[in-house]
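**Q** Here is what each chain is made of, one letter per residue.
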Amino acid sequence: MRLLFREALLAFRRAPLLSTLSITTIAFSLFAVGLFGLVAINMRQALRGLESRVEIVAFILHGTPLETITLAADDISKFPEVFAVGYVNEDSALAQAQVELEEFKDAYRDLEINPLPASLEIRLKEGHRDAATVAAVAERLQGFGFIDDVRFGREWIERLDRLRNVAGLVGLIIGLAFAAVAVIIIGTTIRMTVLQRAREIAIMRLVGATNGFIRGPFLLEGAIKGLLGGLLSIVFIYAGYILFGRNTPMLSGLIFFEPPQLLLGILFGVALGLGGSLVSVGRHLRNV
Amino acid sequence: MTYHGELPYLHAVIRFNHVSKAFAKGESALLDVSFRVAKGEFVFLTGHSGAGKSTILRLIYGELSPTSGDIHVLGFSLPNITAREIPRLRRRLGIVFQDFRLLEDRTAEENVAFALEVTRARPDSIASRTSRVLTQVGLAAKMHALPNELSGGEQQRVAIARALVLDPPILLADEPTGNLDERAMRGVFQLLRDINAGGTAVVMATHNLDLVRGTNHRTIELRRGEVVYDSAVETGQREGLA
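Respectively, the protein sequence lines represent chains A and B.
Residue numbers for the first sequence follow this note's numbering, so the first one is 1 and each next one is one higher.
Residue numbers for the second sequence follow this note's numbering, so the first one is 1 and each next one is one higher.
Chain B on its own, in the form it takes in the complex:
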């Protein structure tokens, strides 16, 4: 059973419309997926490994192109996006991964500043913006530490700080707690919720159902590339019946 997000998301920042994705070998990663994410919404993408969670995120940040269907992210039409437009799209997205993807030979501060430098931010604003965002993630005291001097949770916070420093309207997190112990996982998750409370839409792929159950955030469940459950649709249907 596939649910299509038909709720009136007037301020949708992400819109998937009958999106399918097949890889070269013919394997289908996504099948007719439709949903919308509203401005400032927190959405979990859940499902087993290979269900299509990461594929959805990769489609959102333009690393993959859909085989069919339409994707709109922050006004960019992804099937038609040009190679020149992809960097512009990514500057408006924060992306966090399970393996942190930090530059090992640069300090926490340099890793965060790097995102500003590559987007040609004003040099005189880089230090203050970097400091602000590292304070926000609770790492002001460790800004000069190298990644290998930080715990897993701290490294993920640096990655989140790097994702946030460009003030993106959307934060994409692909299993951001997958490599963390329980305590660090809770800390990082709370940080993502705090960021969301500040108005940033968060799309978090996870297979950790304990995290999902403990909140009332919207959940989209995937199975073999299909959306099998969308809590927003369920709620809408219930409200419609009431």
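Same shape as in the complex, but just chain A:
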């Protein structure tokens, strides 16, 4: 084990320029992936913001006893998809309309009878805000006898669904493309390291080293490079986030990666370093 670490670390001392190049390459490749990841999580956050506005409004027939409404609201809140149920009585509805609909403010003030019905405002849990689920819940609400009408902006939710699907698919494709490019670049860099040490590998084989023994230091070296590249890429991404996110008013609400996501990024770097080394050394050992 001591030898494994010594040989792996020696590689950095022997070829500092190539090692620096490898780490920087890994860092920039992961930076590109990470930057895209940052865009993706911010898009997801923005979509979540839109989704949180998905709401079903169930209008209640005039004259329905409050007790009936309360019991029903309690039942509805137990639906697995439902996050919260709010009751808006006629007076509150009118007050709300006066605030929200400025242009009809005066018309509402002169009314002798309140034309607005009471309603239940139902918000759904995350993951249940797609068009199909919303429609299904709305249909169930229609089953309550005191419900006059149910509205949920079907078209708007369907559009949101499409946006979510397109964003997810585009994100997946671009993310995979970035990752593939990173893998190729990192693999090539590590292959350069392997070729640079071809003579040493040949000598190791001559004196009877097993392929496993030869691979060991290269894998460790690749993993260390991946780790350092991963850490460096986080520094780059954070610098970019600070530079653009904080100084551009339009992007002021940007969020950064959570610690588990950062850890995942570093592990991805380590996996890339390991994988790149494994492929490069394996190919070299097969060909010599």
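Since the hints were made in silico from the structure, they are not lab data.
One or more of the hints may lead you astray.
Examples of chain B residues lying across from chain A (beta carbon under 8 Å, computed) [as the list claims (entries may be wrong)]:
(1) PRO87
(2) ARG101
(3) ALA115
(4) THR119
Sample of chain B residues lacking proximity to chain A, with all beta carbon distances greater than 10 Å (derived) [claimed, not checked]:
(5) GLY69
(6) LEU89
(7) ASP210
All C-beta atoms in this analysis are idealised placements derived from N, C-alpha and C, irrespective of residue type, glycine included.
Assemble the complex: chain A is given as a structure, and chain B must be docked to it using the hints.
**A** The following block gives chain B in isolation, referenced to the frame of chain A:
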């Protein structure tokens, strides 16, 4: 005319039996070669460049596979050897080349120790074994020198020390004196003879006939991949006639 080593080498450490080797382009490097090397024997492989000397050595240490025929080295059957067994075979062979093949950024001591480390020798034995073998080749005083601080002859001695440190029963030397001046060449050659006197079989490929003529070691001469002369067979035939 091809001679087949038919002497009763009861303790043969190397056995070539009708071995041929052709490369991908169809060129024949060896044609129906048979010979045996006994335990502790010193054998010269001679012939011009391209005669097949290095091919024989590469077949012995498993870098090449024969196109046909059988090779047995220290109990390993080479046409059937698995990739896993090759390192085990090589740990029992010492191999020395004309170009030394030392690691330039490691001292003489580290180069020798490297052979022990890669074969997972006990760490507490490495220093003493390295020191012993460097003393044996006359380089105890220069164990901390880097290869570029050593003369050609000294570098070859380091390579020989690296080959010897695993106490191999066979030492293969491919033109080990090819890059050396006369004095260094004599010194390295004498060292190989001393090693052989200690019981290690030595197979040395060389085209330096002056070295060969000055000794009574067995000589196998190759020409275009064929054995055209084997002094052991000649001696056997003479003894048979007597």
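**Q** Now tell me if each hint is right for this structure.
**A** Verification of the hints:
no., hint, result
1, PRO87, "5 Å, holds"
2, ARG101, "6 Å, holds"
3, ALA115, "4 Å, holds"
4, THR119, "5 Å, holds"
5, GLY69, "24 Å, holds"
6, LEU89, "8 Å, violated"
7, ASP210, "28 Å, holds"
The structure fails to meet hint 6 from the earlier list, while all remaining hints are met.
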